[in-house]
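Colleague: If you want the building blocks of each chain, they are given just below.
There are 2 protein chains.
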Amino acid sequence: MPQSTPLFSAESYFSTQLPPSSLEHDIAGVKEFVRRQKEERRTVVLVTSGGTTVPLELNVVRFLDNFSAGTRGATSAEYFLKAGYAVIFMHRQFSLQPFSRHYSHSTNPFLDFLEIERGTDQLSPVASDSSPESSQICVTPSKRKHLLEILTAYKAVYAAGTLHTLTFVTVNDYLWLLRAVSQELSVLRRKAMYYLAAAVSDFFLPRQKMSEHKIQSGKGSLHIEMDQVPKILKPMVDDWTGKDGFIVSFKLETDPALLVPKAQTSLQRYGHQVVIGNDLNRRKFEVVFISRKEALTSASEGTSFESTPPYAEFWLKIDPHDPSKEIEEDIVAELVKRHEVWIAGAEAPIN
Amino acid sequence: MPQSTPLFSAESYFSTQLPPSSLEHDIAGVKEFVRRQKEERRTVVLVTSGGTTVPLELNVVRFLDNFSAGTRGATSAEYFLKAGYAVIFMHRQFSLQPFSRHYSHSTNPFLDFLEIERGTDQLSPVASDSSPESSQICVTPSKRKHLLEILTAYKAVYAAGTLHTLTFVTVNDYLWLLRAVSQELSVLRRKAMYYLAAAVSDFFLPRQKMSEHKIQSGKGSLHIEMDQVPKILKPMVDDWTGKDGFIVSFKLETDPALLVPKAQTSLQRYGHQVVIGNDLNRRKFEVVFISRKEALTSASEGTSFESTPPYAEFWLKIDPHDPSKEIEEDIVAELVKRHEVWIAGAEAPIN
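The listed protein sequences derive, respectively, from chains Z and C.
Note that my numbering has the first sequence beginning at 17, numbered continuously upward.
Note that my numbering has the second sequence beginning at 17, numbered continuously upward.
Hints listed in this document are in silico derivations from the structure and should not be mistaken for laboratory results.
C-beta: ideal position from N, C-alpha, C; glycine also.
Wrong hints could be hidden among the right ones.
[Stated by the list, open to error] With the Cβ distance kept under 7 angstroms, some of the chain C side facing chain Z (calculated, not the full set):
| hint | residue |
| --- | --- |
| 1 | 75 |
| 2 | 78 |
| 3 | 81 |
| 4 | 127 |
| 5 | 130 |
| 6 | 133 |
| 7 | 219 |
| 8 | 286 |
[Stated by the list, open to error] Have a look at the derived ranges for each label pair, beta carbon to beta carbon:
| hint | chain 1 | residue 1 | chain 2 | residue 2 | range |
| --- | --- | --- | --- | --- | --- |
| 9 | C | 158 | Z | 172 | 20 to 28 angstroms |
| 10 | C | 35 | Z | 47 | 51 to 59 angstroms |
| 11 | Z | 337 | C | 329 | 53 to 61 angstroms |
Build out the structure end to end from the sequences listed, making use of the hints.
Modeller: This is the structure we're talking about:
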């Protein structure tokens, strides 16, 4: 029987694992970004997106990964920006990003809608007859309108300086970054929202257990024994965000029967503001918001906790067959409303 | 003690695991592509690229992955196309592809070099003053030349129909696809090359061992026990490719001392044409070709095997600090030469 190891707490995690080498540089950038948003009196949301990895070797050849293209995070970030928020987009390197997400090289490659105009102004797919100097590159007419919309929004965000991008790969990168970014954002008090859409590894290999070189195959079966990643929502709520942040976490389940109970358990256990539950196979058109009942309105209700459930369930559904509608538009709209209530409630005591 | 399970052979693998649902459709496309290339008398190369995954659950939430952006495969595919080959590009979904690889959304996003020209013909980063109908999208002057080169090559390949793209995700997808594609390509006899640059999982979870739903955390440590993936180079060389294909495999190592010995062992064990060895940390500027000595020339050499090694070691190195040079250009040039010898040697008996 393998020797049982004590569980890592957040504290013991950070005292035994090493920070990523980019941490100092990343946090300097975040500090400056947050300072400027505070000056410009903006609300800021940290959006985490994509899956974290657990490398099996120090010289990484293999790793355990969490399934996540980053669609939820990247799409939500765009709607937050549209709603006037500044966004810190902390995402898995190479996963989807706001704006460029519309032009995935696999599903909608931009090279397919660029055309070469020869010097004589005749449109032609091949530029063999014209000199390079006279050739122009233009956008296929049918694609122009949509690209112009995206490009205009992209450039506006760049000009306003409201999007700050960070990347992580491993769960270790992610945990160190999340803590540090949350601490920087805590100066914004209630005006900071935390939208934790990343798919974070539940298990990891402590540095002390990792092999240096590629684990050699040819030795029969492979046994991997991993430790549980400490639950960081607790220190995040109680400590890193200064207790004032509006924290939204996600619960992804494959068994629909577990979805609401587990979301409720999470909210009860950590004491944050919203858990958004989604079923893996329905997440593009249906989510459920779990929150504490008294948090929904700014006035208190005379609720009797013996006879009514303490948790509100708010189901958001869209038409799964409408290709022009993205559920993140409605998710963000609902959260913006709730965040406004949260910010307004700063004078009133919160449970 | 866990019960020891017998190793999977390629045969027992295919008789116990299920083919991907897309297999039939994929192979119909390959069959047609190969038929056309045969008519047009082209050499064809199958380029495999990117890492394979081993899902841990049937409803995939977590998976084991192999580190591979697909740079080697995507870059090589471009050079093969340039050299006049037709290419079947069998890659990990969302990994790098020929041509679009130059415009990674993370490192060189194309949105950064598009500009909006207002109707009055004045260049402006913001189109707020002009109506959408009169706005044009153009390419930043400094980026035009390079994009024009890529776009021209991309459109030429599209017009000639010399690139066929397939995707895989899991190691199961990969194995079924590799076998089926190889069998289709075998009709081309010696004119088919197989460039196996994909990072294939060494271990997997047989369907019978997978859980249906997300493995629940909160149960202490996670134990994963995996079976070895059968070595498919043997059936590939002996069977699927019809014994005539020019097969190039890769060996990636993190310990430099193991590189050449393991590459030689592989060549000896499977009997194919070339093993390209690369050290994880040096692979962008240095590789070694391992092949059998008599295969290098069309004339036989009077070699004495007792005193000289039976394997030739050919080191390819480029200047690591030259940003304009890609080692794949030289790798492909060398393989094209060797493939020509292979094709010419069709009349002569091969060892």
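Colleague: Check each numbered hint against the structure and report the violated ones by number, ascending.
Modeller: 6, 8
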